[in-house]
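Student: Modelling step: build the complete structure from the supplied sequences, incorporating the hints.
These are the residues of each chain, in order.
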Amino acid sequence: MLGPSGSGKTTTLKMIAGFEQPDAGKVELGGQDVSGLAPYARSVNTVFQDYALFPHMTVAANIEYGLSIAKVPKGERARRRDEALRMVRLGGHGERKPNELSGGQRQRVALARAIVNRPRVLLLDEPLGALDLKLREQMQVELKQIQSEVGITFIYVTHDQDEALTMSDRIAVFNEGRIEQLSSPRDLYEHPANEFVAGFVGVSNAIERDGKKLTIRPEKIRMIGQGDPTDGLVTERGKVTESAYVGMVTRVRVELDAGGAVQVALQNTESEAEPGGSVGQEVVVGWRPEHAVSIQPGERKESVQLEEENVS
Amino acid sequence: MAAEATAPAPRKSAGRRLADFFQGRPRLTVAALLAAPIGWLVIGYLGSLGVMLAASFWHLNELSGEVVQGFSLDNFDTIFSDEVYRTITFRTIGVAAAVTVTDAILAFPIAFYMAKLAKPRMQSMLVVAVLLPLWSSYLVKVGAWRLMLSEDGAINWALEPFGLHGPGYGTVAVWLVMSYIWLPYMIIPIYAGLERIPDSLLSASEDLGARPGRTFRKVIMPLTFPAIVAGSIFTFSLTLGDYITPANVGDKQFIGNVVYSNFVANLPLAAAITVIPIVVMVIYLLVSRRFGAFEHV
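Residue numbers (the numbering used here), protein chains in the order written: chain A, 1 to 312; chain B, 1 to 297.
Incorrect hints may appear among the rest.
[What the hints assert, rightly or not] Straight-line distance between alpha carbons at most 20 Å, and here's what the computed EDC-like set of lysine to aspartate or glutamate pairs gives: (1) A:Lys220 to A:Asp162; (2) A:Lys213 to A:Glu255; (3) A:Lys239 to A:Glu282; (4) A:Lys220 to A:Glu274; (5) B:Lys119 to A:Glu20; (6) B:Lys252 to B:Asp82; (7) A:Lys239 to A:Glu219; (8) A:Lys71 to A:Glu83; (9) A:Lys14 to B:Asp199; (10) B:Lys218 to A:Glu95; (11) B:Lys116 to A:Glu20; (12) B:Lys116 to B:Asp199; (13) A:Lys97 to B:Glu295; (14) A:Lys239 to A:Glu274; (15) A:Lys239 to A:Asp228; (16) B:Lys116 to A:Asp50.
No lab work stands behind these hints, which were simulated from the structure alone.
No experiment lies behind these values; they were computed from the predicted model shown.
Tutor: And the structure:
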């Protein structure tokens with residue numbers, strides 16, 4: 001579930017967990033209506049944003065908390081606890097207290113504490129939000145591995161589009177309490193349903209041609225030099241107004257003569273030369289017609305059919 | 001100062017020079033900050049405590065009735081051999097314990113509502129409401145209770161239609177009044193303790209399958225235990241030392257009354273008797289520590 005803050009992602013998550021009651025509609029878990037059930041009666045576990053580890057219990061006791069409530073026998077409890085610790089690569093840390101662990105380790109304990117109960121669905125509320133970038137990227141990969149290992153449905157809340165694209169099988173883009181689009185990461189990026197989705201996920205180059213709104217991703221636009229072939233390309237003239245070197249690419253803003261402006265991302269394949277030309281230079285840009293995706297202006301008016309969202 | 005004000009511009013002000021002096025001298029800064037309060041505590045509190053302890057070893061000249069400043073265990077001998085003191089001590093400790101338990105039971109739901117359920121506006125209103133009784137004089141409150149508990153007072157009047165009769169003056173009345181008067185001292189620490197527990201911990205417990213009762217036992221209680229002990233130290237020690245409430249609504253003596261009544265007649269004995277609540281409190285604190293009340297603070 002991806003969206004700006006205040007778009008309703010966390011509220012939706014809380015409704016699935018049972019901490020909030022829907023005013024209308026229902027929450028189904030594997031085809032069963034669980035709307036009226038308290039959080040403790042749902043086979044759903046949550047990894048909280050602040051981890052919410054019990055500070056007075058050891059890591060092992062934290063992980064076993066749910067199992068002991070479910071009256072899992074002692075031997076099996078220990079086995080499952082150790083398995084969960086191993087899965088999050090914290091074997092041998094069982095006797096520590098949460099405040100003796102680093103942020104990344106606490107995050108893993110929170111994850112272990114949730115998956116050890118083998119819920120039908122695991123909810124993650126911006127679980128990596130408090131970690132620094134490097135650790136976050138590492139945890140994204142680990143979370144995906146763990147997910148495929150345990151085979152539990154993960155519902156993941158984030159406002160970070162890269163994280164959403166990296167980790168998801170399906171993404172629901174939220175805006176002002178509604179789902180704007182529900183599709184695979186590739187579909188979401190390549191075929192955004194409307195201007196909001198195009199703008200929220202990736203950089204959107206929205207231009208209007210012949211009364212139709214189009215969006216073209218920056219990396220799909222090329223600079224066309226003298227004598228370059230233009231077969232099968234839509235070409236337009238324009239003028240460079242900005243050029244920013246950002247390491248992997250150079251971002252060039254081109255104001256088009258036909259109206260509007262586009263951002264072009266150019267690979268820095270040469271280490272010295274500035275691709276795309278300098279500010280003020282007249283250039284020709286081109287793109288394949290299928291990369292100019294027609295979008296609905298503004299936001300989606302009707303609600304997305306939520307039937308598909310039923311967790312199974 | 002006047003000379004400083006008219007001094008040439010580059011000259012630093014006294015405050016600035018003082019700040020520069022302390023810059024980079026953290027130990028000296030701390031020492032300067034704490035000198036006055038620590039000095040006050042050492043002289044005012046420990047000093048008087050020391051004098052009192054010393055006085056407990058003095059005794060009265062049997063003929064003249066004057067205080068003799070010499071070492072003797074006469075006072076302690078009296079306290080240990082005379083059964084009256086033992087009875088009074090146990091009565092006082094018993095009421096202090098009853099008051100503490102009563103206050104803990106009354107305070108917890110109020111504190112929980114204040115910390116976890118009330119909206120911010122309600123929360124601050126409740127804090128004021130809890131503290132409000134502390135603004136009025138202790139004597140006025142005891143006096144009010146004395147009137148309410150009297151034979152033709154409000155309590156008997158309210159209970160009469162049900163065929164009931166109030167407790168009247170006595171140890172039960174002392175327990176009631178003390179529980180009322182010290183309640184804020186229990187609510188505030190528990191409220192502060194509950195405030196420090198993130199709501200997400202309660203959600204996490206529920207999420208992991210715990211019903212409210214288990215969340216209370218396994219998460220809320222262990223985490224608020226230090227706060228309850230903090231509150232109990234107030235209610236317990238305040239009850240141990242009080243003499244005004246027993247004198248007004250009680251019919252038997254408490255430690256405080258004995259100290260008060262010996263204050264003029266036999267100061268060394270009064271000092272020796274005050275050692276009793278001190279010893280009781282030390283034991284209380286040691287037991288609390290044994291149960292981990294001072295961890296996670």
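Student: Determine for every hint whether it applies to the structure shown.
Tutor: The hints, checked one at a time:
1. For a cut-off of 20 Å, the pair hint linking Lys220 of chain A to Asp162 of chain A stands: about 18 Å separates their Cα positions.
2. The hinted pair formed by Lys213 of chain A and Glu255 of chain A meets the criterion: a straight-line CA distance of about 17 Å does not exceed 20 Å.
3. For the given pair, Lys239 of chain A sits about 5 Å from Glu282 of chain A by alpha-carbon distance, which is consistent with the 20 Å threshold.
4. This hinted pair checks out: Lys220 of chain A and Glu274 of chain A have alpha carbons roughly 19 Å apart, not beyond 20 Å.
5. Restraint check for Lys119 of chain B and Glu20 of chain A: satisfied, since their Cα atoms lie roughly 17 Å apart, inside the 20 Å limit.
6. The straight-line distance between the Cα atoms of Lys252 of chain B and Asp82 of chain B is roughly 17 Å, inside the 20 Å bound, and the hint therefore holds.
7. Between Lys239 of chain A and Glu219 of chain A, the direct Cα distance comes to roughly 18 Å. Compliance with the 20 Å bound is thereby established for this hinted pair.
8. At roughly 18 Å between alpha-carbon atoms, Lys71 of chain A and Glu83 of chain A fall within 20 Å of each other, so this suggested pair holds.
9. Pair hint Lys14 of chain A plus Asp199 of chain B holds up; C-alpha atoms about 14 Å apart against a cutoff of 20 Å.
10. Proximity of Lys218 of chain B to Glu95 of chain A is assessed by CA-CA distance (about 18 Å); at most 20 Å being required, the pair is judged to hold.
11. Distance check on the hinted pair: Lys116 of chain B and Glu20 of chain A sit about 16 Å apart at the alpha-carbon level, within 20 Å; holds.
12. The hinted pair formed by Lys116 of chain B and Asp199 of chain B meets the criterion: a straight-line CA distance of about 8 Å does not exceed 20 Å.
13. Distance hint between Lys97 of chain A and Glu295 of chain B is fulfilled; the C-alpha atoms sit about 13 Å from each other, no more than 20 Å.
14. Taking the CA atoms of Lys239 of chain A and Glu274 of chain A, the gap is near 16 Å; set against the 20 Å cutoff, the hint holds.
15. Distance restraint check for Lys239 of chain A and Asp228 of chain A: the Cα-Cα separation of roughly 18 Å lies within the 20 Å cut-off, and the hinted pair is therefore satisfied.
16. Taking the CA atoms of Lys116 of chain B and Asp50 of chain A, the gap is near 18 Å; set against the 20 Å cutoff, the hint holds.
The structure shown violates none of the earlier numbered hints.
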